[in-house]
Amino acid sequence: MNWTSHSHAASGRRFKLRPKVRELPLTPETPRFHVFLIDTGWNGPVSKVLHKHIPLFHHYHPQDPVYILTREQSIKILKTAPEHIGRDPMIVVYDIYRSKEDQTKEKANYHGFRLNLGIIKNPEQALRKLQDFLKFVALHRTADCLSCEVERELHREGLGNMVKLLRECSEASLELL
Amino acid sequence: MNEEGIPIFPLLIASLVLCYFGLEVNRHRNKLRAIFNVFDREESAIAAVLEQWVESGELEPLVVSHST
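In order, the protein sequence lines correspond to chains A and B.
Position one of the first sequence corresponds to residue 0 (numbering that gives the first Met the number 0), numbered consecutively onward.
Position one of the second sequence corresponds to residue 0 (numbering that gives the first Met the number 0), numbered consecutively onward.
Okay, chain A solo, but in the shape it has when bound:
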């Protein structure tokens, strides 16, 4: 099985990556996302893991196109958002649908969600995050408000971390006392 670049022009298919307001209800088969891999190559071991497993996105969601940016394209794009330099490899899941109801100012700029794996130094941890990310996409691809789901996921993970911290803190304070 090989990964090859596919020409839009040759297939007569041209994607338009503009947010749309959906008219019909979303189904698991509805093409909804465009997946981008931005990688300038800072984090070699994590990049290796990511490039090995990125085809899984296609296997789980063949309706969503996957794009792998070259190093030059990645550098060019991170020049526009320098706060992300050093945080790549980065997976951007661009959501073409916005919630019909939720058009508040805060969420008007919603474009999707992202995973910055460059922050993680350990490839095994990065792989676990990638698995969680893929699971998140699969579980919530029909969600009306995906930004709400991202918030919920962050709260859930935050609570988990807090419990872990509480345990560590109580153990440390008992040792001190």
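No lab work stands behind these hints: they were computed from the structure.
Predicted model only: the values in this text are computed from it and were never measured.
Note that CB positions come from ideal geometry on N, CA and C, so glycine has one too.
It is possible that part of the hints are untrue.
Claimed, not checked - Here are the in silico distance ranges between beta carbons for each label pair: (1) D131/A / G21/B: 22 to 30 angstroms; (2) R166/A / A44/B: 36 to 44 angstroms; (3) S14/B / G157/A: 50 to 58 angstroms.
To be verified - Straight-line C-alpha distance at most 25 angstroms; calculated DSS-like pairs for lysine-lysine: (4) K75/A / K51/A; (5) K47/A / K78/A; (6) K30/B / K47/A; (7) K30/B / K120/A; (8) K78/A / K163/A; (9) K134/A / K30/B; (10) K47/A / K75/A; (11) K30/B / K128/A; (12) K75/A / K134/A; (13) K120/A / K163/A; (14) K78/A / K120/A; (15) K78/A / K134/A; (16) K51/A / K163/A; (17) K163/A / K30/B; (18) K134/A / K47/A; (19) K163/A / K47/A; (20) K30/B / K78/A; (21) K134/A / K163/A.
Unchecked claim - So these bits of chain A aren't anywhere near chain B, every CB distance computed over 12 angstroms: (22) P27; (23) G43; (24) P122.
Based on the hints, put chain B in the right spot on chain A.
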């Protein structure tokens, strides 16, 4: 009147633990959000470039070709 006074040492330890806990929670929260978050206002410049590249065909999707 309380002859023993306020137990300073346990209070000090408790406040230190609380401070540490607060700082750690904040650190974990920031790290979590730096790793995974919505792609919104802060990243709108990236989104604009991606939209442009996809529309112009400069960025093309990958397809899996099954070779026998």
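The hints, checked one at a time:
1. D131/A / G21/B: 22 to 30 angstroms: 26 angstroms Cβ-Cβ, so the 22 to 30 angstroms window holds.
2. R166/A / A44/B: 36 to 44 angstroms: 41 angstroms, holds
3. S14/B / G157/A: 50 to 58 angstroms: At roughly 23 angstroms between Cβ atoms, G157/A and S14/B fall outside 50 to 58 angstroms, so the hint is violated.
4. K75/A / K51/A: The hint holds at about 24 angstroms.
5. K47/A / K78/A: 23 angstroms, holds
6. K30/B / K47/A: 22 angstroms, holds
7. K30/B / K120/A: It holds: about 13 angstroms lies between the C-alpha atoms, which stays within 25 angstroms.
8. K78/A / K163/A: 37 angstroms, violated
9. K134/A / K30/B: 20 angstroms, holds
10. K47/A / K75/A: It holds: about 21 angstroms lies between the C-alpha atoms, which stays within 25 angstroms.
11. K30/B / K128/A: 13 angstroms, holds
12. K75/A / K134/A: Not OK: K75/A and K134/A at ~30 angstroms, beyond 25 angstroms, violated.
13. K120/A / K163/A: It holds: about 21 angstroms lies between the C-alpha atoms, which stays within 25 angstroms.
14. K78/A / K120/A: 23 angstroms, holds
15. K78/A / K134/A: 30 angstroms, violated
16. K51/A / K163/A: 31 angstroms, violated
17. K163/A / K30/B: 15 angstroms, holds
18. K134/A / K47/A: 20 angstroms, holds
19. K163/A / K47/A: This hinted pair is violated, its Cα atoms lying about 30 angstroms apart.
20. K30/B / K78/A: 22 angstroms, holds
21. K134/A / K163/A: 23 angstroms, holds
22. P27: 20 angstroms, holds
23. G43: 18 angstroms, holds
24. P122: Label holds. Min Cβ-Cβ 15 angstroms, cutoff 12 angstroms.
Of the numbered hints stated above, those contradicted by the structure are hints 3, 8, 12, 15, 16, 19, listed in ascending order.
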